[in-house]
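Student: Chains A and B supply the protein sequences, listed in that same order.
Going from the first sequence to my numbering is simple: count from 1 and add 3.
Going from the second sequence to my numbering is simple: count from 1 and add 3.
Simulated from the structure, these hints should not be mistaken for laboratory data.
A few of these clues could be false.
It does not matter which identical chain is meant; a pair holds if it fits inside one copy or across any two.
Said to hold, decoys possible - Once the Cα atoms are required to be at most 16 Å apart in a straight line, the calculated EDC-like pairs of lysine to aspartate or glutamate come out as:
| hint | residue 1 | residue 2 |
| --- | --- | --- |
| 1 | Lys26 | Asp357 |
| 2 | Lys408 | Asp671 |
| 3 | Lys220 | Glu201 |
| 4 | Lys639 | Asp618 |
| 5 | Lys587 | Asp426 |
| 6 | Lys517 | Glu465 |
| 7 | Lys337 | Glu492 |
All figures in this text were calculated on a predicted structure; none of them were measured in a lab.
Protein chains: 2
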Amino acid sequence: MSFEKFFCPNSVVIIGAAREEGKVGHTILDNVIESGYKGKLFLVNPKADKIHGIKCYSSVLDIQEDIDLAIIAIPGKAVSKSLDECAQRNVRWVIIISAGFKEAGIKGAKMEKRLVEKSKLYGMRILGPNCLGMINANCPINASFSPNMPRKGNISFVSQSGALGTSVLDWAKSNRIGLSKFVSLGNKADISENDLFEAWLEDEDTKVITAYLEGVKDGKEFMRISSKVSRVKPIIVVKAGNTDAGARAVSSHTGTLAGSTRAYDAAFKQSGVIRARTVKDLFNYGLAFSYQPLPQGKRTVIVTNAGGPGIMATDACEENNIPLATLEKVTIDKLKEFLPEASNFYNPVDVLGDALADRYRKTLEVIFQDKNVDAIVVLLTPQAMTQPYETAKAIVEVVRTTARKIPVLTCFMGGFEVKKGVDYLIRNEIPNFEIPEDAISALKVMIDYSDWVNKKTFPIEEFEVDESVVKELLDRCKSEGRLELGEMESRRILEAYNIKVPQAELARDVKEAKEIARRIGYPVVLKIVSPNILHKTDVGGVRIGIESENELEESFDQILWNVKKYMPEANIKGILVQEMIKSKKETIIGVSSDPQFGPMIMFGLGGIYVETLKDVSFRIAPISVGDAKEMVEEIKTFNLLKGVRGEKPSDIKSIIETILKVSQLVTDFPEIIEMDINPLFVKEEGQGCVAGDARIRIGG
Amino acid sequence: MSFEKFFCPNSVVIIGAAREEGKVGHTILDNVIESGYKGKLFLVNPKADKIHGIKCYSSVLDIQEDIDLAIIAIPGKAVSKSLDECAQRNVRWVIIISAGFKEAGIKGAKMEKRLVEKSKLYGMRILGPNCLGMINANCPINASFSPNMPRKGNISFVSQSGALGTSVLDWAKSNRIGLSKFVSLGNKADISENDLFEAWLEDEDTKVITAYLEGVKDGKEFMRISSKVSRVKPIIVVKAGNTDAGARAVSSHTGTLAGSTRAYDAAFKQSGVIRARTVKDLFNYGLAFSYQPLPQGKRTVIVTNAGGPGIMATDACEENNIPLATLEKVTIDKLKEFLPEASNFYNPVDVLGDALADRYRKTLEVIFQDKNVDAIVVLLTPQAMTQPYETAKAIVEVVRTTARKIPVLTCFMGGFEVKKGVDYLIRNEIPNFEIPEDAISALKVMIDYSDWVNKKTFPIEEFEVDESVVKELLDRCKSEGRLELGEMESRRILEAYNIKVPQAELARDVKEAKEIARRIGYPVVLKIVSPNILHKTDVGGVRIGIESENELEESFDQILWNVKKYMPEANIKGILVQEMIKSKKETIIGVSSDPQFGPMIMFGLGGIYVETLKDVSFRIAPISVGDAKEMVEEIKTFNLLKGVRGEKPSDIKSIIETILKVSQLVTDFPEIIEMDINPLFVKEEGQGCVAGDARIRIGG
């Protein structure tokens, strides 16, 4: 669906245009007029004849011309009727500024729900309610009640917090930062970040997408759209409400059910969404993408007129795994031709404190020709002879006249003395940062995004599996009103998805147990089987490492004795005789269900690594082989799987395959809301892995 | 030594005062005059009669009056003679602006060394050379060549980079940040950060000490002074050159030998020095300390007129372990009296988007009386009706009129619209931050510093030890030209310091071995003993877990056979029969030697925890029991020592004691530059620990 008429309508009506200054309906009118909007403007206010010399209609119904966009700024209770009238006049786009809906309680939420139902019926799209409105600097139109119309730029910004929007617009204006489109989402009754991301994919005026979100409206849809859009344009998001306390504040604020931080992290990672920690970072990154081309590699050169900031930038590069470029010999030779002897000709290149603009210019010209350089960071401190403004001009000129497109970021550090230079840089699309660390952070994000764009995508693999077995087992479980599957059932589900489980058979007496053990081979494990016993270990129902018939006999009796003692009423089906797996490593694959994103897969090394070190990785299902590989490689203890101290590597390929099968299982059967394969025994490379035990829970 | 006359001299001479504008000697003259300096000013320039109407002497020797401070801005080669003349006139303080010394190469370094020798002889103190100079906003005097005289404040700043100093002065002026004293260290030939920290301890005009350092001049002295000063005034340091690449840049820059990041981290932690990540953080923290009282607890309340920023602040609190205050019932009742119904009366307190200044005022008045609140963070976004300036005034008024002293930090987010309010806040000593996260970071640093100030200090404990044994062993090792001690020697050293080692005796034949094993009790360990064999395992010289006489016999022969095969020339002293320790956990205590700070102690869990997870902690020796305790508790795997899954806890007290003994050993014998106790077997609580193996290296 094209948002063209929404962002640049040929005609607009303000319903609730007010005479009184200070009223929202008046401010919006002023803003539309002052923004230089060139389309037709209609006003609705039954109590006024004219405002600012523009005729007021008493109802939308009285307007005889086509209306593309309606802006509603009347009391919440009157909105519904207004919407009906808009529908009669075929208005397709509506911005509801009015508050008093979901954010105000249950009654408001009901009213909001009805608005949405109506809009669907009418084929109408709604922004808001309870929002600030929309601004398009290119149309131009300011259809919001923020007076801060930004200058034209190519960064579009969507904010779930209107107040934060006002801060950002004010800040952007003060810092001469250009924006393309600004949208305040309000309650997201209809139009959400998903619609806007998709609309901005096609939008020529948008090069960078930025967002402040407290939650996403539809997790799966968010991932689908973001994955597509982020291949073409960077999406940078500040996601607030990261922590438990924060999340509580979210729900009291907009009623959004915040998904867990882990889920958002995983979803963003899988969709190529860049996560900014703060609003400041959001726009630091945004500017870098907006003004500069993507780096085609990581090798960075730092040019500075002072050692200190050079060291800071070098530190920041190291922290961010950005390698300093090794300059070509020809570059160094050329630099030596004109730089003073005391300069540093190697990276970071120190042009010294007395460098005038021309020395910076010549240095950059030479560096631009160096094929070892993928990105340039220029630092300047205002020393006695420094020419911040002229240096800014020189940088812009070199960037403009060089055929080679590599990103240039600057950090002119200081205040009044560098201001003119900084303004010139910003005006000419060189992103300048307050401190070297910020420039390097922005560069890091550009490098990562460049990797993402060039990254191979993997389709979701489909393994051949037996779904019918699982369906039958789950159905039976549901019909019996159970939420937790028994061990035998879980085993069968895994087997149906070709996940290996230890050999095992049920023995009803010790004689059968001996026969089975002989077939399987010692050592074996014995486990009580009873629908009444979920925690087998707690009742003494498990014995491991049984090496001989004698031991088996003794253990069999002991288990029965234990169980009879602790759970005399238990219905005992028998004792499972199970192969004892000799493996190199124990891992865990888990599944939990996130309210926003659905089933989420966890991977980690077993035991203390998960419990004490919390060294685990997450991805949202369904996941691709690329995701699964990253999951395994992401944990800090990955080295232990690769093998340390001369150990042979574990079968990592087989772990990845098991993760994919689990992903397929919980995607096929979303009723599985929790699952643990713990331990998943991993053998040496090439020898596979075996699910030692599994626990599966379904939704109630 | 009092720096009073240095920072506020009664008389100053500028040696090298220049007529020509743009020259350093001219700029300094202008700066001294324009700073409003009220003392006597003399100029030395043999080629001029007068500059700016002030008489020029041809030499310092011609000036008949007392001179407190000389500022030398003449070519480097002429400085030495100038210094002699200053000495004749009894000048005690000299700032050498001139360059061409250590930073320029070996010749310059020699010249600089001679200057230092002379100054010592003359009882003279030198700042620089190769520095920007000094500024004291309170005297006032600008004895630097930066034209940016800051307004008066109570933050003193010392910078090892002159260029960074110019940036900071420019930035401070532009943002109306007051400073007390600014010192550019240059090459630190004489006056260093240590002198200044000590001077500022007594300085009434300095409340907060800030520094940009690339290294410290004398690590031990830095720790001694900082520990003392930081109990009274916060010291905040940006230490650049943190990484390997960064450290290389340091050495090419000022010739400072950068200590490793780990050593600096440890030294700062032990001395109460607050480490800022960036220059921006340095001054964010500085402002908070400068303007506000220390919090007496952590419980923080957030007041906001918008949900979004409230969530961000809440997130930041959670990340920084700052608890949100639970407001008293009486507070909530009072808030309900005047806040609109839709407000959030709980923390974060949302006064809503239409809040005028008065609503903020009343809210703060109520919150100030709440005994559950230790700190207040006020957020404001410029919405339609918001009054940033009036709100700033209201905040300042409440803070001024309330008897209770708790810190108030603000975040007025935006640009032009909040500027007047922000300026008012800064002018009235309320620190304002650009984004909520910065405010919370500053608060976190204040809380940590408050903890430091209130923290109990522990004296360095002295265990009773036998130093003579160690001295004798080390002496013998030195006399034999060896740098590595043998196992038997290391054992004896540990024993001399009452660190338990396994029972062990040397067996010359298998018969002796059997007798020893019988005494010690099985299982035992066998290890080859030969001065030629350092890596015993590599030559098959170790057998563990020997359970019986038969096994012992076989192992004894096997070891001899292995050693003869791999090292036929080795001089074999015998085979050590050692008690096999049954312990719960294996840990490591290590010692390395840092060029700046001397011996540094490491602690971690053994094996993969150190190797793969790099989960270790460091402290500089000598360390106190408090430090040792922190070291053990700091590692991520500390839980494993406390006992997980129902395990009994390990003997943590005994680990701490062993760390302290090692600290004492390497402090008593600084020639020990490397040492590893690996593994240190740790038994159950109350049962102590045993050094399984030790390696000791001495300096060449």
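Student: Against this structure, judge whether each hint is valid.
Tutor: Each hint, compared with the structure:
Taking the shortest Cα distances, Lys26 and Asp357 sit within 16 Å of each other only across copies (12 Å), while inside one copy they are farther apart (56 Å). In this assembly of identical chains, Lys408 and Asp671 lie within 16 Å of each other by CA distance neither inside one copy nor across copies; the values are 47 Å within and 61 Å between. For the homomeric pair Lys220 and Glu201, the shortest alpha-carbon distance inside one copy (14 Å) is at most 16 Å, but the shortest distance between copies (58 Å) is not. Within a single copy, Lys639 and Asp618 get their C-alpha atoms as close as 6 Å, and across copies as close as 11 Å, so both meet the 16 Å cut-off.
For the identical chains of this complex, Lys587 and Asp426 are neighbours neither inside a copy (61 Å) nor across copies (64 Å), given an alpha-carbon limit of 16 Å. Taking the closest pair of Cα atoms, Lys517 and Glu465 never come within 16 Å of each other, the shortest separation being 40 Å inside a single copy and 64 Å across copies. For a Cα distance limit of 16 Å, the shortest separation of Lys337 from Glu492 qualifies neither inside one copy, at 74 Å, nor across copies, at 59 Å.
Hint violations for this structure: numbers 2, 5, 6 and 7, all remaining hints satisfied.
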